[in-house]
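*Asks:* This is what each chain is made of:
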Amino acid sequence: MEPADEALCERVARRDEAAFDLLVSRYQERAYRLAWSILRNAEDARDVSQEAFIRLHEMAGSFRGRSKFSTWFYRILVNLCLDHKRKHKWWKLWVRDDDDDRAETILDRQPAPVNDPVDKLSRDETLKALGSAVDRLAPRQRAAVLLRVQEDMATYDIARVLKCSEATVRVHLHRALATLKKTVEKR
Amino acid sequence: MARHPDDDLVPYLRGELSPAERERVARHLEECPDCRQDTELLRDLLGNLAHAIGQPPAVSWARYRAELRDKLDARRQRIGWWRRPMPLALSASLAGVLLLLAVWGGRELSRSGDPIGPDEVVMGQEFGLLQDLRTVERLDLLEDLEVLRNLDGLASEHQG
Numbered sequence: 001m002e003p004a005d006e007a008l009c010e011r012v013a014r015r016d017e018a019a020f021d022l023l024v025s026r027y028q029e030r031a032y033r034l035a036w037s038i039l040r041n042a043e044d045a046r047d048v049s050q051e052a053f054i055r056l057h058e059m060a061g062s063f064r065g066r067s068k069f070s071t072w073f074y075r076i077l078v079n080l081c082l083d084h085k086r087k088h089k090w091w092k093l094w095v096r097d098d099d100d101d102r103a104e105t106i107l108d109r110q111p112a113p114v115n116d117p118v119d120k121l122s123r124d125e126t127l128k129a130l131g132s133a134v135d136r137l138a139p140r141q142r143a144a145v146l147l148r149v150q151e152d153m154a155t156y157d158i159a160r161v162l163k164c165s166e167a168t169v170r171v172h173l174h175r176a177l178a179t180l181k182k183t184v185e186k187r
Numbered sequence: 001m002a003r004h005p006d007d008d009l010v011p012y013l014r015g016e017l018s019p020a021e022r023e024r025v026a027r028h029l030e031e032c033p034d035c036r037q038d039t040e041l042l043r044d045l046l047g048n049l050a051h052a053i054g055q056p057p058a059v060s061w062a063r064y065r066a067e068l069r070d071k072l073d074a075r076r077q078r079i080g081w082w083r084r085p086m087p088l089a090l091s092a093s094l095a096g097v098l099l100l101l102a103v104w105g106g107r108e109l110s111r112s113g114d115p116i117g118p119d120e121v122v123m124g125q126e127f128g129l130l131q132d133l134r135t136v137e138r139l140d141l142l143e144d145l146e147v148l149r150n151l152d153g154l155a156s157e158h159q160g
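Protein chains in written order, with the numbering used here: chain A, 1 to 187; chain B, 1 to 160.
Since the hints were made in silico from the structure, they are not lab data.
Even for Gly, the Cβ is constructed at its ideal location relative to N, Cα and C.
Treat the hints with care, since some could be wrong.
[Said to hold, decoys possible] Chain A side only, calculated, beta carbon under 7 Å to chain B, not exhaustive:
no.: 1; residue: S37
no.: 2; residue: I76
no.: 3; residue: V149
no.: 4; residue: V171
no.: 5; residue: L173
no.: 6; residue: H174
no.: 7; residue: K181
[Claimed, not checked] Residues from chain A shown here face chain B by an in silico Cβ test under 7 Å; the list is partial:
no.: 8; residue: L22
no.: 9; residue: R33
no.: 10; residue: M59
no.: 11; residue: T155
Starting from the given sequences, assemble the full structure and let the hints guide the process.
*Replies:* Written as structure tokens, this is what we have:
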């Protein structure tokens, strides 16, 4: 039987490098994908998700098992992502994020032809607009949506990752989805 | 009609509400066409969001792990010597040396005797005891109460 994440984390605290490698293999894809969804930049996502694993390596002893390992680890990761966004906000005001993987092309930024029913109904376009609307959400709202949609996390777990109450998570989700709904309805 | 259960719709769709809350929301949805429509929209939205967010560019996981290893090693080298774990033998030796120093220091202190406190100095000046060292030296005789009680007897014996 495969060892549970929590047991592996205990072994990492005892400096078991094989347990650490196993945890990295289990979470690398999810960590990178979630970081990318928040940061929207592949290089930043790689750096920040690797930093989350380094913190895991250093802080494994502080994991008390009161929550699931995944919740504890996602808290480290999401905090790092939100910190990263906060620190780099001022820089992005000066420099356009040219390597942003989802940066819009000049064509994308042109107003959509209003009378074109085919474009209006295009599912791809709607999804693209929805994706851009997710990018514009407030950081904690975006994190709540991503944890729900990508990681399929329950409200209780999202609350533990974001260190807030379940009621606050419900409000974040409601507001975020109300904003996204407007984007869809406009199209 | 009760207030619209806006914040509860997502947990409702996910089946996270308690039976009582679920019952309350379900009853509201039966009566409120706006919330019913909202719920359907939210269901579609949540379904579409995963596609809308998309997938990140592919990564070579072997390279990712190798980079992570390099970063971990670099971080370890940056850790100062005072934060590194100390071997048990070295810790025990250091503790032993500290213990020896503490014992030796304590002996030296006890040899030097009790220091005279400021109160005692003041009293000495007040009574002028230290001015007549002979008296002070003989004061210990007064401590022998038996001698004091029989002073008269001793005197007569001496005379007789």
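*Asks:* Hints numbered earlier in the text: which of these fail when held up against the supplied structure?
*Replies:* 2, 8, 10
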